[in-house]
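J.: Below are the chains, spelled out letter by letter.
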Amino acid sequence: MADNLALASTEIVEKTGPVSRGIVRRLVKNPRTCISGAFFIIIVLVVLIGPLIYPITYREQVGIPLSQDGLLGTDDFGRDVLARLIIATRTSMLVAVGAVIIALLAGVGLGLLAGFLGGWTSTIIMRGSDILLSFPAVILAIAAVAILGPDLINVVLVIGVLYVPRFTRVVYAQSVAIRSAQYVDAERVNGTSTASIISRTVLPNVMSTVIVQASLSLSFAIQVEAGLSFLGLGAQPPLASLGTMISSGRDFLEVQPTMLIYPSLLLIAIVLAVNVLGDGLRDVLDPRRAFAR
Amino acid sequence: MTNFVIRRIGLAAIQLVIVATIVFLLIRLIPGDAARAVLGENATDDQVAAMRSTMGLDEAFPIQFFNYWKNLLTGDLGVSLISGRPVAADLIVRFGNSLEIIVLAILVSIVVGVVLGRIAAIRNDRALDHIITGGSVLGISLPVFVTGTLLLLVFSVWLPILPPQRYVGFFSDPLGHLQLIILPVLALAATSTAVIMRMTRSAMLETLSADFVRTVRAKGVIERKVITYHALRNALVPVVSITSVELATLIGSTVLIETIFGWPGMSSMLMQAVTDRDYPVIQAVVLSASVFVIIVNLVADLVIRLLDPRTESF
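Chains as they are written, first to last, in this note's numbering: chain A, 1 to 293; chain B, 1 to 314.
Fair warning: there could be bad hints in the mix.
As the list claims (entries may be wrong) - Below are the DMTMM-like pairs computed for lysine to aspartate or glutamate, each with C-alpha atoms no more than 25 Å apart in a straight line:
| hint | chain 1 | residue 1 | chain 2 | residue 2 |
| --- | --- | --- | --- | --- |
| 1 | A | K29 | B | D308 |
| 2 | B | K219 | B | E206 |
| 3 | B | K225 | B | E206 |
| 4 | B | K219 | B | D308 |
| 5 | A | K29 | B | D45 |
| 6 | B | K70 | B | D58 |
To be verified - Cβ-to-Cβ under 10 Å is the rule here; a few derived chain B residues that face chain A:
| hint | residue |
| --- | --- |
| 7 | I9 |
| 8 | A13 |
| 9 | L39 |
| 10 | L91 |
| 11 | L152 |
| 12 | V216 |
Claimed, not checked - Pulled from the structure, derived: some chain B residues nowhere near chain A, Cβ distances all over 12 Å:
| hint | residue |
| --- | --- |
| 13 | V115 |
| 14 | V168 |
| 15 | R198 |
Quick caveat, the hints were computed from the structure, so don't treat them as lab data.
Heads up, the beta-carbon is just placed ideally off N, CA and C, and yes, glycines get one too.
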């Protein structure tokens, strides 16, 4: 079903050529995409330079537990909540982005390999993806992290590996279609090497699907990391992650609900921004939608 | 059709065999010695040897594999390393409890999602459509454990309508049981409803602009019938397929939801086993959740084939 859709969209790419011009212009036209894009840029800035803007040394950070000291109050250990939110955003985003990069590189590589080599290679890679997809992701992640040990690097690896098939599938479907296109035959006749065909013809054609898939996976990866940390399997104290902050906020629901509310709203806002941005990107990059307007 | 059913069931059987084999390999991938990992650093060599024997790790690899399959096929999922009780007996009860909230959540999602999706498609690009679609974007952006915790904050602390209470079975206290189940089901259903709604809306928009719908309209069929019998019915195929994906996601989400609401399902069993390094229990939970996903996908493919005989999936 998804394969068919992917195939259909490739055909249109072939007919109309790559749609790279005006992407930014069309992206900016939509106010929702604009707002979430701006928010996402703020998040990226927080990740990159947050601790510089709101610097708090370890000694200063400790105040009276569960008080309103600082901008957003302090947590049960008397730590400044805003400072911890900044670190938590950083932890969550770095883990999620790391996982998506692993999934993207491995998935695109395997997808191209399966699509171009065909035969046994393709059967093994694609059936392997199917098998990985028939495990429920969160449960397999919990089991894998339990076996490897609760540690953020393991979380990155596990989420990364679990998301490889998502990329493999879309890239495979497209590269199979492109492999048999006449312009690829023409390049072969001209003596272009397979490596060059893949990097110069196939990759640009596959890129828009990969970007959309990456934005979808990023939203899932943020949620899975937060979920694992919530269960105590991801970031280990004293390191802050949005999941661990929500988990500790749960213990003070009646005394200090803000301890739960701030990290929850921030997590929802980040996931929402990534999703809206992803929707916007898909509208712009998916040729069928772009040309329907 | 029969041919398709046989081939599809065969595929599911192959998937089951491979998944079970991977679950077998899972504890053999533990870095170092699995038996020592269970007992901790301070165990004596004798204790480790005894644990290896309990876990069946002292046999030759092919014999371990043979025993694993022999036990699996006779319904024996091993014995908990902590409580010493057979895993299968506990798992059946816990899995049933998890299934209860999963099934209720998916039913709520299907009903609400399809109804809202239908409304949004008919009101395409009007105010109501924008409100529903906007809400659905928020819905898919709610991490399930955040929805759960916030629901708990609102309905148990701020407005104590559904105060936290001890778990009671349906048969001992039906009303108390229903009160307990509302929040977990709502938390689980929020995201699935949004996903199903989006799929229903886009599938209906696609069928509403299809040639055959134009023909039906041209024949003078009243609009309500066009929408319900022709457009919605044809839009159901992608909805069924997304529902099966959502069911697979829900079984993962229940782990978080059950932890938050203290629901005695599979997850508390899994989380306890993770803390105790009770590997037979971890294996059994992963295996049964995967079997659930494989069966859901099988049923979905068969239903899709019934709804639309043209599909030639896989």
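J.: All hints are to be evaluated individually against the structure, with a verdict given for each.
T.: Here's how the hints hold up against the structure:
1. K29/A <-> D308/B: violated (39 Å)
2. K219/B <-> E206/B: Distance of about 20 Å is within 25 Å: holds.
3. K225/B <-> E206/B: holds (17 Å)
4. K219/B <-> D308/B: holds (23 Å)
5. K29/A <-> D45/B: Violated, because 69 Å separates the two Cα atoms, which is more than 25 Å.
6. K70/B <-> D58/B: holds (17 Å)
7. I9: violated (15 Å)
8. A13: Interface hint status for A13/B: violated (12 Å vs cutoff 10 Å).
9. L39: With a closest approach of 16 Å, the L39/B hint is violated.
10. L91: Constraint on L91/B not satisfied, violated at 13 Å.
11. L152: Cβ of L152/B sits 7 Å from chain A, so the hint holds.
12. V216: Since the shortest Cβ distance to chain A is 23 Å, the answer is violated.
13. V115: Given that every Cβ of chain A is farther than 12 Å from that of V115/B, nearest at about 23 Å, it holds.
14. V168: holds (22 Å)
15. R198: Per Cβ check, R198/B is inside 12 Å of chain A; nearest 10 Å; violated.
Of the numbered hints stated above, those contradicted by the structure are hints 1, 5, 7, 8, 9, 10, 12, 15, listed in ascending order.
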